[in-house]
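S.K.: With chain A fixed as given, assemble chain B onto it according to the hints.
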Amino acid sequence: MTAFTTIGKSVPKIDVKEKATGHALYAADLKMPGMLFGKIVRCLQHAHAKVVRLDLSVAAKMPGVIKVLGPDDVKGHPYNTGVLDLMVPEHVGQMLGDIEDQVVFTRHVKHQGDAICGIIARSEEQAERAAEKVIVDYEPLPVYLTAEQSMQPDAVQFTPLKPGNRAFQLPGEMFPNNAYGWGDVDDAMAKADFFVEDTFYVPKQKQCQMEPHAYVAKVDDGGRLHCWTSTQMPKCVHIKLARMFDLPMSKVTVTQTVVGGGFGARLGMIGEPIVAAMAMAVPGRPVKLQYSREEDWIASESRHPGKYWMKIGFAKTGEPVAVDALFRSYKGGYYTQGSGVAFTTGSWLGGMYKWGACRYLGETYYTNHAPCGAYRGYGNPQTNFVMEQLIERACGKMGADPVEWRKKWHKTVGDDGWCPGVTYPSCALDECLDRGAAAIGWSEKRKKFAGQTGIKRRGVGVSVMTHTSGAFPMLLEHTTATVRINEDASAEVMLACSDMGQGAHTALQQIAAETLGFPMADIHLKTGDSESSGFDIGAHASRTVYVGGAAVKSACENARKELFDRAAQYLDCPADQLTMRDKVIHAQATNRSISVAEISARGVFNYPDPATGERSGIPGQIQAYSSHLATHNSPPFAACFAEVEVDMETGEVKLIELVNAHDVGRAIHPASVEGNLEGGAQQGMGFALTEEIYYDDKGLCQNNSFTDYKMLGPSDMPKLTSILVEDPDPIGPYGAKSAGEAGIVAPIGAVANAIYHATGVQILDAPITPEKILKALKANGLSM
Amino acid sequence: MKKRDITLTVNGEVMEVTVAANQTLLEVLRETIELTDTKYGCGTGECGACTVLVDGSKPILSCLTLAATMNGKSITTAAGLAKDGELHPVQQAFVEEAGIQCGFCTPGMVLKTVSILAENPHPSEDEIRHKLEGNICRCTGYAKIVKSVQRAADLMSAGKAAE
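In order, the protein sequence lines correspond to chains A and B. Note that the numbering used here has the first sequence beginning at 1, numbered continuously upward. Note that the numbering used here has the second sequence beginning at 1, numbered continuously upward.
A couple of the hints might just be wrong.
Sample of chain A residues at the chain B side, in silico, Cβ under 7 Å [said to hold, decoys possible]:
| # | residue |
| --- | --- |
| 1 | Met210 |
| 2 | Gly260 |
| 3 | Gln682 |
It should be emphasised that the hints constitute simulated quantities derived from the structure, not laboratory data. Every value quoted in this text rests on a predicted model; they were computed, and no experiment measured them. Here a beta-carbon is modelled for each residue, glycine too, at the ideal position from N, C-alpha and C.
This is chain A alone, in the form it adopts within the complex:
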């Protein structure tokens, strides 16, 4: 095994000291001279309505008000908060039917919290007071909270671009019969020896990143728009704002502030178009827009909920001969990532097991909820909840051990991954299953917990998953990194990759240090500046270490090559015979050395000798870059084991232990990988047990706060064990695969299956609340 100097070590993360002191600056912490404050007036009392009267005249005269903005006061094209328009070619976007259906201020309210108009005032309080004086009259429209309601022929149309309110279905031009998959499913299913089938419900889960959305924007005297935001995608926001407001990219710049959690909530734009529109109304003055937690809740995106039907056919041998599925999700009021999640939900299904034939239909209908967008896992949690419970049921029918069945039938190296035609280059799932099973005591506990009769019953469950490392080849995977060696032999690495707390920047700096052969402390990572960085698609699809890391590695290799080429000239020795230690390059043959500092300084301070005119060395600063386009997506795998205790009288579930064994390829920064798995587990177990945004029949959110939306707290969490299985991937930088999103996925099925093991009932609706368990126990005659 290669000995690394930095990679694989949990060095102190590069950004945590300033986070520990609180000095780190998030968007809401910014204060600028002359700064004004924006306030959005939102429709709070209706989920579907027409604005029939908007009177801003009283608000405009309120103390401190500088400007009021209605729908007609905003220039700029309709937009889509998502970024799929930048990730696929235009003709593919057209085929998919991706659309721009959002405007800054609307006259057609499509969900509670839709933005009606804006106030700009000297203080936040003055803006709020003025907002109270805005007069809006609404004509209520019928409220649609399921696809089945909004697809009715007489339903009000959300947009003329999507007849029948079907926001998306897999297009026939790309997916024959509107289905993702392969083989003849009907034939295979008919020949199957037995099948399992059910319709499930998956919940509308909220990212709940701790930092509410906040922005500052300013238009300078040259007409240049500057936006400060905690987006996950500074470069994409830059491009999208430019396109929306018909500005050249050179007239826009985006500064990414420290990101207080993302999880998909900041994938693309949220409030940027609104704060930009406000800034354009008051040129020369910065405008700050801070969302309240309630606004963050009702007016930013969530996971896609909906009904998920699945049928799996098996041969007597246990072979999964066919899988057939339909995920019909409830889109919310706007299209956003309409095609994305509808597709990937099926692709995660297709990539998991050796299905003989596979057919997945994904479609999504407009509803009067807050729009659904990206949330960690991007369809994978939904599939895990459904697929893994059905596999568990089938294992029961077959009398197969769920671990052994999975080992036999999961896809592996050489099989097609989530994108047919792109095969798995590495897979350590068997080792994940073995080590995870050993850690939780699988065999003993499966036996021990069989036939319990008490009030409190234990169960253990398993679930597996595969995800992706970037979205190649479906979407553009491109990062540009630039490395500059300073005259004192320190180095700057410049790129627009995002750290949302997942530790990516530290890992990228480790890759730079390892590749250059420099100490971590001598490298500075310059990020968050859309203007000085080259292109980067942004943080999505768990790509940052895999794609961004490859860009950094390649740029650093180029810089190192230049450094060695110069050393070769100075030392009169071929570059391939040189070695470097402590930033001194040594030629063994001649026993001569030159320091990196000397090479760099002689290039930068390249003085001509006054007498001879001769230069002091090889001229020029060493700067290298890489514009890296991914050629693969090396999916990670994981096996998760959960132990629970269910109270058969109350339906209460106590989480006892969770073991997450993750095939990470190589852990660049092991503590960060563990942190992502542990944080993912909290969110995944929340999906399984407690988390769902609820609406009343008028479409008004019933739990827009941390008190009413239950996340698992420190005392709810079970003992967590993370096992990092390192089987270096042949493609990822230093063998790394992704670990960002994955942690959320497999705990969902593992917890659901542990409950099944404990109680003998499967709950088809997530989250699995005590009420649902009691109802199911009663229905199955298992009540205590």
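M.R.: Below, chain B without anything else, positioned relative to chain A:
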């Protein structure tokens, strides 16, 4: 809105501040005094990101505290824990144990930890988890935060032993 002048000691610095009757301590810290290390996470006392310490080790939620009621009090924020560029042992523990991810809950978590350890220098894991209930983190699953608190307890008792 009626205003009044109050005296606050913030991170050891005595200051006169004019506050409106309806202004929260969080607003005064962030906007008037311009100390942005205290975070707004919910504004309703549910997340703990705005935690500060009063008179050394009593944690309060600054978003629910009217600034006017703090006249004469001493307030410590996360920035005030570090001295001369040296992290407080609790902050050091969070750095060492990778108990920090996005960092938004961190100032509140660190201050809550100071209060937990002031009350009991050697808390059990259950006690730590119970006392952290008011501080929400969405990144870590609390695993490394709990380890950070345990590490902080070790660092602080080692520090005390050395004194």
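S.K.: The structure should be examined with respect to each hint, and the outcome stated for every one.
M.R.: So, going through the hints one by one against the coordinates:
1. Met210: holds, 4 Å
2. Gly260: holds, 3 Å
3. Gln682: Hint on Gln682/A: holds, closest Cβ of chain B at ~4 Å, below 7 Å.
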